[in-house]
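In order, the protein sequences belong to chains D and W. Sequential numbering from 1 applies to the first sequence in the numbering used here. Sequential numbering from 78 applies to the second sequence in the numbering used here.
Honestly, the hints are just simulated from the structure, not real lab data. Being a predicted model, the structure only gives us computed values, none of them experimental. By construction, the Cβ of each residue, glycine as well, lies at the ideal position given by its N, Cα and C atoms. There's no promise every hint is true.
Under 7 Å between C-beta atoms, here's a sample of chain D residues computed to sit facing chain W [unchecked claim]:
1) Ser36
2) Leu37
3) Met39
4) Gln53
5) Glu58
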Amino acid sequence: MTIEAFIGNIEENIEGIDAGSVKVDTVLKELPVWDSLAMLNMLALVDSEYDVQISGEELNNLSSVKSIFEAILAKRG
Amino acid sequence: MPRQCVPNSAFETLWDDWTAEKIFEKTGIRSRYIASADECASDLAAGAAEKLLKGRERSTVDFLLNCTESPDYVLPPTACILQERLGLSTSCGAFDINLACSAYIYGLATAHGYLESGIAEEVLLLTGDTYSKYIHPEDRSTRTIFGDAGTATLLTKASPHKFHSFVLHTDGRGAESLILKNGACRNPRLVAPDTSIDENGKCSPDYLYMNGPDVFNFTLNVVPGLVRDICEKAECTLDAVDHVVFHQANVFMLEHLRKKLKIPEEKFVYHIEDWGNTVSSTIPLALEACMAAGRFKPGDKILLAGFGVGLSWAGCMIDWN
């Protein structure tokens with residue numbers, strides 16, 4: 001469970017995001033492709049790959065990919 | 078169906094970056110039917126009922142269940158108006174079931190209970206919703222998804238199909254995830270609606286509000302357990318189920334749930350492309366399409382699950398014969 005794998009998952013599952021374009025400090029919600037469906041894609045990804053759920057509100061309050069990854073790790077315990 | 082069909086292209090002028098094709102990609106929906114100003118949910122339900130009852134003796138119907146969250150009036154219940162409109166006997170019981178996407182299952186459960194206990198012998202179960210009347214014209218998250226429709230189902234003790242393994246749930250903590258706040262008793266609306274909408278698409282409490290992410294997470298949370306509970310009650314495995322019919326909320330959610338539950342594509346029913354999310358009507362519309370296509374064979378097991386407003390979720394099994 002690495003942040004590189006998480007970034008790989010994001011690039012693979014969220015439409016419009018090119019491979020190699022996401023870094024640990026990328027703020028996903030500021031990307032032009034980020035819309036309501038991208039948000040749902042993210043929730044689905046977190047559920048299927050990491051077996052936890054993160055709410056839309058939590059996602060909106062987090063900024064970088066790194067902070068989202070840390071939140072997921074915290075939920076997994 | 079309402080008279081007016083609204084294809085995705087009708088929305089292109091509203092939101093710059095959303096073409097008809099993009100709307101389809103995001104929602105899996107190409108068009109939906111929208112009630113006109115003079116069409117109410119009861120008209121749609123009555124239309125369906127008339128089709129169903131044509132050539133049939135209707136004096137033997139002794140219960141009318143009307144699934145709607147879009148009543149004609151605050152009171153009396155629309156079911157009572159429909160009893161009169163459809164020329165049903167006054168020996169008929171009638172009431173509205175206001176549970177939107179879970180309503181049909183709750184309706185089946187109620188009908189089943191009444192039929193089994195002898196409270197009724199012939200139950201007319203109607204659905205009718207016009208969420209379009211609650212939606213802000215510029216709210217893209219709801220306007221592209223919801224459609225209006227009405228259906229009619231007749232349930233009798235003599236029916237060869239067996240309805241069983243009902244599971245019904247509620248969680249009011251999610252009340253605000255799908256809510257129309259103003260207009261009832263908590264927040265009466267005494268002035269014209271506030272039509273403003275912010276850049277995030279959030280409109281005033283005078284319109285339907287749906288927190289997409291929260292509702293999505295809710296389904297991920299509860300639907301797998303619901304399916305498991307139904308199968309446990311029915312004493313059969315999910316593998317032994319022949320057809321799975323979920324409430325047709327949106328294609329993305331359905332596809333994710335299907336994969337999460339490992340349900341093969343050929344067993345999973347999709348019926349949303351041409352109608353959108355018709356709230357209480359999605360499950361009966363899907364069932365009817367399957368029947369018309371000859372999809373159900375005697376001996377088939379069909380699992381139904383509805384989930385949404387409340388929050389509520391419910392399901393059952395049908396042994397098709």
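Now the hints, each set against the structure:
The beta carbon of Ser36 of chain D is positioned within 7 Å of a beta carbon in chain W (closest approach about 6 Å), and the interface hint is therefore held. Interface restraint check for Leu37 of chain D: the shortest CB-CB distance to chain W comes to about 5 Å, inside 7 Å, so the restraint holds. Annotation: interface hint on Met39 of chain D holds; nearest CB of chain W at approximately 6 Å, less than 7 Å. Given the 7 Å rule on beta carbons, the hint for Gln53 of chain D holds: about 5 Å separates it from the nearest Cβ of chain W.
For Glu58 of chain D, the shortest C-beta to C-beta distance to chain W is roughly 9 Å, which exceeds 7 Å, and the interface hint is violated.
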